[in-house]
Every structure is written in structure tokens, then in C-alpha cells.
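A.B. asks: The listed protein sequences derive, respectively, from chains A and B.
Just so we're aligned, residue 0 is where the first sequence starts under numbering that gives the first Met the number 0, counting upward by one.
Just so we're aligned, residue 0 is where the second sequence starts under numbering that gives the first Met the number 0, counting upward by one.
Hint data in this document are derived by calculation from the structure and do not stem from the laboratory.
One or more hints might be untrue.
Computed beta-carbon distance windows for the label pairs [as the list claims (entries may be wrong)]:
{"hint": "1", "chain 1": "B", "residue 1": "ARG29", "chain 2": "A", "residue 2": "PRO170", "range": "35 to 43 Å"}
{"hint": "2", "chain 1": "B", "residue 1": "PRO52", "chain 2": "A", "residue 2": "PRO30", "range": "45 to 53 Å"}
{"hint": "3", "chain 1": "A", "residue 1": "ASP59", "chain 2": "B", "residue 2": "GLY253", "range": "34 to 42 Å"}
{"hint": "4", "chain 1": "A", "residue 1": "LYS132", "chain 2": "B", "residue 2": "GLY248", "range": "32 to 40 Å"}
{"hint": "5", "chain 1": "B", "residue 1": "TRP225", "chain 2": "A", "residue 2": "GLY167", "range": "51 to 59 Å"}
{"hint": "6", "chain 1": "B", "residue 1": "TRP225", "chain 2": "A", "residue 2": "ASN41", "range": "51 to 59 Å"}
{"hint": "7", "chain 1": "A", "residue 1": "PRO170", "chain 2": "B", "residue 2": "ALA24", "range": "29 to 37 Å"}
{"hint": "8", "chain 1": "B", "residue 1": "PRO271", "chain 2": "A", "residue 2": "THR71", "range": "14 to 22 Å"}
{"hint": "9", "chain 1": "A", "residue 1": "ALA113", "chain 2": "B", "residue 2": "SER80", "range": "42 to 50 Å"}
{"hint": "10", "chain 1": "B", "residue 1": "PRO52", "chain 2": "A", "residue 2": "ASP205", "range": "44 to 52 Å"}
{"hint": "11", "chain 1": "B", "residue 1": "LEU17", "chain 2": "A", "residue 2": "GLU273", "range": "37 to 45 Å"}
{"hint": "12", "chain 1": "A", "residue 1": "LYS132", "chain 2": "B", "residue 2": "ASP57", "range": "46 to 54 Å"}
{"hint": "13", "chain 1": "A", "residue 1": "ASP59", "chain 2": "B", "residue 2": "LEU257", "range": "44 to 52 Å"}
{"hint": "14", "chain 1": "B", "residue 1": "GLY248", "chain 2": "A", "residue 2": "GLY115", "range": "41 to 49 Å"}
Quick look at which bits of chain A chain B covers, simulated, 3 or more residues with Cβ under 8 Å [what the hints assert, rightly or not]:
{"hint": "15", "stretch": "36 to 46"}
{"hint": "16", "stretch": "103 to 110"}
{"hint": "17", "stretch": "213 to 223"}
We put the beta carbon where it would ideally sit given N, CA and C, even for glycine.
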Amino acid sequence: MSHETWAIETRGLVKVFGAHRAVGGVDLSVPAGCVYSVLGPNGAGKTTLIRMIATLLRPDGGTARVLGHDVTTEAARVRARLALTGQFASLDEDLTGLENLTLLARLRGHRGRAAGKRAGDLLEAFSLSEAAKRAVKTYSGGMRRRLDIAASLVVRPDLLILDEPTTGLDPRSRGQVWQSVRALVDAGATVLLTTQYLEEADQLADRIAVLDHGRVIAEGTSSRLKALAGAAALRVRVADRDDRPEAARLLAALLGADPVLEPDPVALTLRVDEPAAAAKALAAVTERGLRIDEYALAHPSLDEVFLALTGKPADGPAPRHEEVPA
Amino acid sequence: MTVHQAAEHLPYELDTPLISAVADAPPPGRGAGALRATLTFAWRVLLKIRHVPEQLLDATLFPIMFTLMFTFVFGGAMIGSPEAYLRYALPGILAQTVVFMTMYTAVTLNTDIERGVFDRFRSQPIWRPAPLVGALLGDTLRYSLASAFVLGIAALIGYRASGGLGGVAGAIALLLVFCFALSWLWLIVGLTVRTPAAVMGASTMILFPLTFVSSAFAPPATMPGWVREFVTVNPVTLLIEAARGLLDGVPDAGDIALVLALSGVMTAVFAPIALRLYTRKV
């Protein structure tokens, strides 16, 4: 039973907090050597799920195996082979970056100077050498994230779990996190990451599981998921609001998708399965004499994925950094 | 007409081959054993003292203020002369300082949980109690530093322990044993209370009566009956009396044995609860 083809294998995994079923029977099979993404809104149960896999939370039902070891009965073996980078930087704010990593290096068996050397190497790899002797509380969000990932690599884990590694980061730091993840996979690790962004899952993951209310509602490769949700979303703003109904009708006919009229009276969005078709459709609209101010082709949002999968938008609270006071 | 690109090209600054190479470096043969892991966590407390010395200062300035105030304001009225009162009150002030500091054990642990660094430690393949035991060992050093600080100030204003260096060392050692045992209770508080501020509140509520309603500042004989009863059963009174005996050069073996026994009982009761909470922590 305990062969290692699966880096993670869960069967009917359940966690209940009071009356709330945070994780309600999850079956996951994550192949070794790949990047696997768990996609879902806030409150979908992503963090609870990975905390059970990382032996930090005891499941109330079902089983979970990491690289063939049961997370409850063989927790020590699981801990020896995985590293978890939590949602909020799990670092000691009062200590310097170098001290944080040296501490972990000592715990993992590096002795004396070797621990400091290992810490220094990791800092250099993540472009943090200059900040090595500064307290972590002075670090920017992106620097903390990099240090946090470095902290997970003191000894290369066979499985690295990242909980929303880019939530709240600026685009540049996000790019750096993505680079780090790819570098780790090159070094032979399996990566499990949670995210609220389809774009992130699409960029990094070989396979994606969509989590909603503690259950997996879709699972597969990113292209399969996009086939469900549309490859992209086309957003158009017309110059004159009176032109919107006509533009919507035309685009709908040309692209074979239902237009969504936005609160902005000149804007509309349609799902697009074939990006090239969007260009043709836009050309046809302008030929009809309708003026377009602006258009954009983007990844479908999590909402659009959920709309396609469940017929309703994701109803978890909005991500923290996008919260707008009412 | 503006055109947005779907994905911007981001500046790729990290040296990815270096990251892969560093990540893949051969690991040390095996992880740290129980002792090394524990000492590593004690080392973390030392680093914290170095980076945030204010915490130690906060904990010691208050008692120093007390020492001066009680000695020079009330001393004459209470016992006849400031010097005589200092001799009486110092063991109490010393005990109060250190016993109060044990509360920071709970605050530090709770902050670790809140910030997530606790999860990082808990997911390491190490002897499970190491983070807790290491923190308590490191705290013991903080208690020693604070004791030395208070005794130093007292010496400056004329305190002389008739028990000599041996008496002073004995009294400090006894304090450390007691506080190490009491700290297990704070670990339980730190693991169960939600926020560091609430931990502060709960601990202060427990510590104020324990340290003040004791024989620290006035002999119990001067107090009304029901207060006197509390004072005599208060474990802090017991600790103060044992320390006073040692400092004054008249050690009472019975008092000392009782403090050691009490410390043993506290550890035996609180430590398993704290460790269980720690491993089960949600």
C-alpha cells in the first residue's frame, strides 16, 4: 500500500470545527515530481486541508499519506520529508534573516559554522545577502516571502507545501515566488500550493483541484479546467454607452458566448475559448462603426471558474488585499 | 485605444539555477538530537535578549523603582530605618521581579503561535518538546540576569546579604527552580488564550495577588486574619521566606525542601498538560 508513486494521497479526509465542516471528505492524488495546485476562495478549506497534510492538524475522518507515510501514525517520518510555508510568513520578526535560517539549519543537523554557512548560501540564492543582518520586521512583504521559502529549503524537502504564497504581494515579488517554485521543481521536489488565482495555478501547476466548501468540485489539468471556464475573458469598453447593447449582441453572436454587462455602463465581458477569435470579433465590431475605447484579454477570474463549475460565483469573502470598505 | 496585455513580462531577477543548486545541496546526515534541538531554542531566547533588551529592562525597572520607593519612603515608618527595611523587603522584591517575568513565557509563546513561526517549529522533525523546554531554559537565563540587576542596585544603596555569596547564589538558584516550574503553567495559558494582550491580562490578574498578598513587603503578623491566612498558604510567601533565610545566612532546610517539592509538583502537573496541548494544538 505504501508505495511512493503518490506524493500525497488522501481518502475521505474530514475536519470539523464545531458545527462547521471545514473539509468535508477530500480525495486527492498528487503525483510525485509535479506542481499541484488547490484553487479556491477564502474559506474553502484550503488551509485546513494542507495543515492536516503537514501533520499540524489531526483529521477527524479519512486518511492522508505523504510519500507513503500516514500523517497521524507516522507523523515524524512525514515531517522529515516535507516543508510547509504558511500563509503568513512563519519567521521570528525580532531575529535577523541570517539568525532565522541558522536556527533552522541547526535544528536540521548542521553544526557550528556549517549552520551559518548553510544560512548564508540560502540568503544569497534568494538575493537576501544584503539584508542578512537586519531584523525580519524591517523586511518588505516580498523579502519575507523569499526568506520564508528559503526557510523551507534548509534541507531540501521531497514535498514543499505553500499556502497562498503570493497573496498580498506586488507583481514583481509574485514573479519571484513563481521562479522559486519552478527552481524547486527542477531540483526534484513535489510542490503543493494553494491559491485564489486561476492565473497562478495555470502558470505553475501541472494539475489543479478546485475546492469549494471543503469539497473538490473539479480536478484535472489546467487545460481541462480552462476548457470548462473558457481560455480567457474578453473585456470591452465602448466609447458611447448607447452602443453597448449593439456591441454585446454582435460579440455574443461572433464568439458564441453570453455577454456579461458590468456595472460600468460602457463595459461588457465575454468568455473566449479561442483568443484568435476575439481579434476577429473586435474587428467586426469596429467595422460596424461602433467605437471601442479599450479592450483586454485576461485569464478568467476565480469567479468565472466558479460560475462555469457551479453556476454561481464563489461566495467566500473577498481576498484581504482587495477588500474595499462599503 | 488602449490595449492591455494579458500577462506582463516580469523582471526575472532571481538566479534560478543557483536556487536549484542550493536547494539540492547534500543534507547533513541527521537532524539535531533532543539536547541540541533544545539548546537551539534556548539560543533563540538569547538572541531575543540581544535584539530586544527593552523587554528585560521593562521587567527590572519596575522592581528597582519599588526597591527605592519602599526603602526610602516607607522603610522608616515600617521597620524603623530604611536599611533595616531593605534587608527585610529585598528577598520579596527579588522574588516578585522574577516571578512576574515568568509571564513573558506565555506572551512569547502566544506571539509565536499568532505569527505562524510556531507552525514552522512544529513541522520540524525534532524532539517534540524541544521548543518549549528550550524556551524555558533560555528564560532561566533571563531570570538570572534580572536577579543580578536587582541585587546590584540593592548593593548600591547599601544592601549587604549576611548569607554571603553562597546565600545569594542559593537564593537565586531556588528562585530559578521555582520559576522554571511555574513557567509550565504559563505555557498552558499561552497555548489556550487567544491573543498576546489577553495573555498579559490573564497573567497579571493571577500574578498581582500572588506577589503582593505575600510576605514580600510586610510581615504577615501585621495583617488582618483572613489576609494572613492567604499569605501563609501563598506559594510565593513560601519562596520568599526560603530565599530570605538563604540571603540572611539563616537557611531553613524545611522551607527550602518545601519550595523544591512544590516546584516538583508544579512541573509534574503542568508539564504533561502543556506538552499535550502543544502536540494537539489546532
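A.B. asks: When the structure is checked against the list of hints, which entries are broken? Sort them ascending.
C.D. replies: 3, 4, 9, 12, 15, 17
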